[in-house]
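Chains A and B supply the protein sequences, listed in that same order.
For the first sequence, the working numbering assigns the number 1 to the initial residue and increments by one for each residue that follows.
For the second sequence, the working numbering assigns the number 1001 to the initial residue and increments by one for each residue that follows.
One should not assume that every hint holds.
[What the hints assert, rightly or not] Which bits of chain B does chain A cover? Going by a derived footprint, with three or more residues having C-beta under 8 Å, they are:
#: 1; stretch: 1199-1212
#: 2; stretch: 1631-1641
[What the hints assert, rightly or not] Calculated Cβ distances over 12 Å to all of chain A for the following chain B residues:
#: 3; residue: GLY1014
#: 4; residue: VAL1062
#: 5; residue: PRO1182
#: 6; residue: LYS1185
#: 7; residue: GLY1380
#: 8; residue: LYS1436
#: 9; residue: VAL1481
#: 10; residue: LEU1496
#: 11; residue: SER1542
#: 12; residue: LEU1592
#: 13; residue: THR1595
#: 14; residue: VAL1609
#: 15; residue: PHE1613
#: 16; residue: MET1678
#: 17; residue: LEU1687
The hints are simulated quantities; they were obtained by calculation from the structure and are not laboratory data.
Keep in mind that this is a model prediction, so the values were computed, not measured.
Beta carbons are placed, not taken as given, at the ideal position from N, Cα and C, and that holds for glycine.
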Amino acid sequence: MIHEVELALTLIYTVLGIGLIIPVIAVVGGRKSKLIQWLAVLSALLTIATGAIMLDVTIRNGPIALYNNTVVHDAFTSFIVLGAGITATLALTAAGKEPLIWESSPSYYGLLPIALFGIFVISGVRDALLLLATWLLVSVLAYVYIALPVERESRAAAVRYIMLGAVATLFLAIWVAANTVLSTSQNLYPYQIAPLSSDKFSGFVLITLLAALGFKVGVAPFHWWIPSVYGRADGRVVSIVAAVIKLGFIAVLTRLVYYMAGGEALGNVYSLGILAGSKALAYTLAILAVVTMTYGNIAALTTDDLRALLSYSSIAQIGYILAAMAALAYFTPRGNPALVNYAFAAVAVQAVAYGIAKAPLFSLTSNVRTLRELRGLLGRSRAGAAGAILLFSLLGMPPMLGFWGKLYMFIAVAGFSILLVIAAFINSAISSAYYVRFARDMVSESGTSEKGVAKSVEAALIAGAIIIIALGLVAPAIFSLIY
Amino acid sequence: MIVETGSLVAPNSGLMPWALIWGIPYLGAAILAILYYLGVENKAVHGWGSVVSIGLGALVAVDALFKVLREGPIYAASTTTWVPWINVGVGVYLDGLGAVMAVIVGVLSFLIAVYSVEYMRHSWGIPRYFFFFTFFVASMLLLVTADNLILMFIGWEGTGLASYALIGHWYTDEEEYWVGVPGRKALGIPMYFTPSHSGVRAMLFTRIGDIGMMIGMATLFLLTGTFSIPEIAVQASHGGWMVTLASKGVLAAVLLVFTLGALAKSAQFPFQEWLVTAMTGPTPVSALIHAATMVKAGVYFMLRMAPVFLLGAAASGLVAGELAKYFVIVAGLGAITAFMLATMALVSNELKLILAYSTASQLGYMFVGVAAAGAILATGHAEVGEIASLGVAAGLSHLLSHAIFKAALFLIAGWLIHAAHSRFIDYMGNYAKYMKLTALSLWLAGLSLMAIPPMSGFFSKELTLKSAEEAHLNWVLGLGVLTAGLTAAYTLRMILRVLHLPPKKEVHEHPHEAPPLMLIPYFLLALTALVIGIAWFQFYPSLAKAISETLGVEAAIDTVKAVFGISLSAVTATTLGWVFTNIAVVAVLYLLVKTDFDRILQTSKTARVIHDFLFDRWYINSIIYILIVGGFAGFSMFLAGVDHVIDLAYHAAIPALFALGAAGLRALHRGRSDYYLMLYVYFASVLLLFLYIAWG
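The following block holds chain A by itself, in its conformation from the complex:
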């Protein structure tokens, strides 16, 4: 086991190393050097290998504790790291060679490995201070990404992202302080994530955290920036921010919810305070889930703008993930490990399925802005059908990966709240309207648009479809091994 963990660490350090060496190569060999592109691809593939090794180790031997126990990886976080590697590979495939002609090409390729390393750390973090540090690292990378390529629109989007991100960071800093007060009051290690009670201070702790991490993943009402930023930035960089980097934040939010619900309470003896706190946490998350999924789905219904549609659907997908988190919070201290596992599986599968679908789809929007323009562009190639498969996965159709995400979500949530199930049901039905419309235009062979779609985007769509079907067939078996 030790050797395998060391191998995984060596691989992820290599990823970090690649991120640091790319700017040097760009200086020496020129920013159009293909080597930096291939090194970035290599870093994504190494991240996949890291995730796979960690998954294997955690399935066989349980969690891996790193850095003096401040980062702990289990099967859930390993699957997320694996997913981040896959989505990064897809995003790079979709971008193809085009970023090489950007003036900022070293940033585009060099920051991705560093972001992947950041995801590796942040997804397993269990120390508040380390979370703040990693948050800053990954956030800054995301801000820079949004500003690439250097165009007026991208800069405007980046400024907005930074402006709101600064406020979110402020909230996270307040949360670190408040959590410290809470953890020390419970005789815990100061930066350990403290379980919540149902008192006002716990509520304050929760709100500050949700204001920070909710902003990052797009939880309503902290989501306002998403349509505007995703809508203005370049599709190829949005695919990295929305489909790759977001996975890390989803992972850490899930883990924090688990800890705050008493997931690490000593000896699994839960006080009445923890039980009440987890219930309050669950209902808060459930309400936010309903608001988030409803807002995203309704707003996406009538738009013809592809980026806006994908942005709103991203918000809606987070709503489903939050629903699973609500079930996770509720069942964690209530002695129901099976439902806790379903909730973890729901988040992991739903998040990775979301990332795999969104990475190529956002890239597609770099030169196709509306559904009208899309009509007839891909219908005669395999990419049209592939894109439709990705959308059907988001819709939750079997045997794609998204189906399992939805199924696990419904299993976990059905045990928690029938109202939440109904809300998710209605929302899934609403979302069918725009996903099916999108899929129809994707496979349509007739259209008047004279635009073209880059071969690299077509390749990413096809690869994404193959991966999402393959994972749909094997992922349930993997989760059987985990739980």
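Given the coordinates of chain A, work out where chain B should sit on it, guided by the hints.
Then chain B, alone, in the frame of chain A:
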């Protein structure tokens, strides 16, 4: 009486050869796709490739049926489990119901595939057509033979996907492929639909139900820990999950959510709209998917699950009460659908649309057959075994007979539309003179739809009404009887206008008999509707045997056989009397009086209002668009407006505010000491006032 003998919770066979029932068509579809990508676009290769793969699957299904009738149910499962965590493997469950369904699907699909080879010969998009056709058949066969809900759902969604693709097959949306009268509107909403629009509608309407089904599956799994249909049945027989739900008073609600998928798939009220406009697809698709097979998936679901639910009722009286409520609601929806759609068929002038209305209406009868039998629980007059036998017998019999005669009717319609170069019956007429065998086929299949003895449709419809009668559901029975007369009326009107009366509008075509590849399949099917009817009393023991082998029923064969006994009850006599009255009225109006309905519509406002109400489908489509689609779209636009305002705030309001503030502040700095002094004194006063108030 329930006999515990047939419950299989452990496999009794290997996966092969039974998985080939759906495995071969899936393989066939994959090969067709690969051939296409390799550049093989020969129409015959794709057509006959599809026919062969479907035919081979059907042969395995027939073999399975004989084995089931000889030796009892087959439960075939792979040795490895696909998803051990949730106990899901790849398995085939072939009891009487599954085997009969597999044969119906396999054989009908084979005949319709043969018909398609000729029908689609001059069309375009052939590789795509046959790929989705074969993929559909494979998914349908997977659906009816799956041993667990996950596999069943995969097949279920596969049929939906193929249906979407085939409805929109002619996606270029030329007017000849539309459904509805171009330009017609109801309450301001267009009532004509293009193929691509219809495909999306079908997908959306059925998706709503599918998600309900997924939630039902998740809930059942949560309560039983399994997706295996046999295991769920066994747990139900011990009370288990059904008692849990019944004790919380939510059993009926949960089962209804679970059944949403079935209601949507079988186009039952309020989901019927998608089926009507699905007629934009090629006619063989309408015959196969939207008449003979996929729309039966919902009925199959009811046939599969109703006996399972009834096992729970046998275990607990609490369950029985809640369950009866559920069955009454489903039976009611079936009866409403049957009546509502039959009234629409009375005035329609599109051949396929008449058949589509008729399909949804007849599916309503099937739901009545299965669900009304379940509602007998509330009367306490029958044992659960008898109830289940009656429900499955009624539902399955009408499913079987309808699949045969309606497939024949659609295939005939395909040829007639081709002959008339129009989908409207106004351009058809006197065809009996030119195509004798087609006319004979239309009469045979039509008489079966009209439920005239000794056609198979008569016996099967009688069984569905018997369910409602036994359950004392008088309003359901009343609607059923009423609908039987309307069915006879619209069917006869259709036959007379197409075969024996002159066309209403001038035509320049010279009709002739269909080519053999098209004629033989529908002639055989129409003949089968007659043969099954004539041989009903010889035929039903085999059907009874199959039903007695059906999961969860396991009633003694004599009990099931007794169900099939058709006697001349008051209901039968009333129904027949009403049917013949309708036939007589239509015959008199069209053949003797030769009523000019167009003139009546022009002169009578009342007649026009009634006609428009029925012609525009009770305005249900318009209401859905105005309230639901319009409502959500309005809300969506509102939210988009909110975002726009926020965007404006970022780009215009905030910069403008700061610009204004900056300008304002700069304006204060005018270099005049009196201003500075005034501001100094003013703000010092404000601060002092604040401190005074805050420190109180």
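Hints, verified against the model:
{"no.": "1", "hint": "1199-1212", "result": "holds (count 8)"}
{"no.": "2", "hint": "1631-1641", "result": "holds (count 7)"}
{"no.": "3", "hint": "GLY1014", "result": "holds, 21 Å"}
{"no.": "4", "hint": "VAL1062", "result": "holds, 28 Å"}
{"no.": "5", "hint": "PRO1182", "result": "holds, 19 Å"}
{"no.": "6", "hint": "LYS1185", "result": "holds, 21 Å"}
{"no.": "7", "hint": "GLY1380", "result": "holds, 31 Å"}
{"no.": "8", "hint": "LYS1436", "result": "holds, 41 Å"}
{"no.": "9", "hint": "VAL1481", "result": "holds, 35 Å"}
{"no.": "10", "hint": "LEU1496", "result": "holds, 40 Å"}
{"no.": "11", "hint": "SER1542", "result": "holds, 35 Å"}
{"no.": "12", "hint": "LEU1592", "result": "holds, 50 Å"}
{"no.": "13", "hint": "THR1595", "result": "holds, 44 Å"}
{"no.": "14", "hint": "VAL1609", "result": "holds, 33 Å"}
{"no.": "15", "hint": "PHE1613", "result": "holds, 28 Å"}
{"no.": "16", "hint": "MET1678", "result": "holds, 35 Å"}
{"no.": "17", "hint": "LEU1687", "result": "holds, 27 Å"}
This entry satisfies every hint, going by the numbered hints stated previously.
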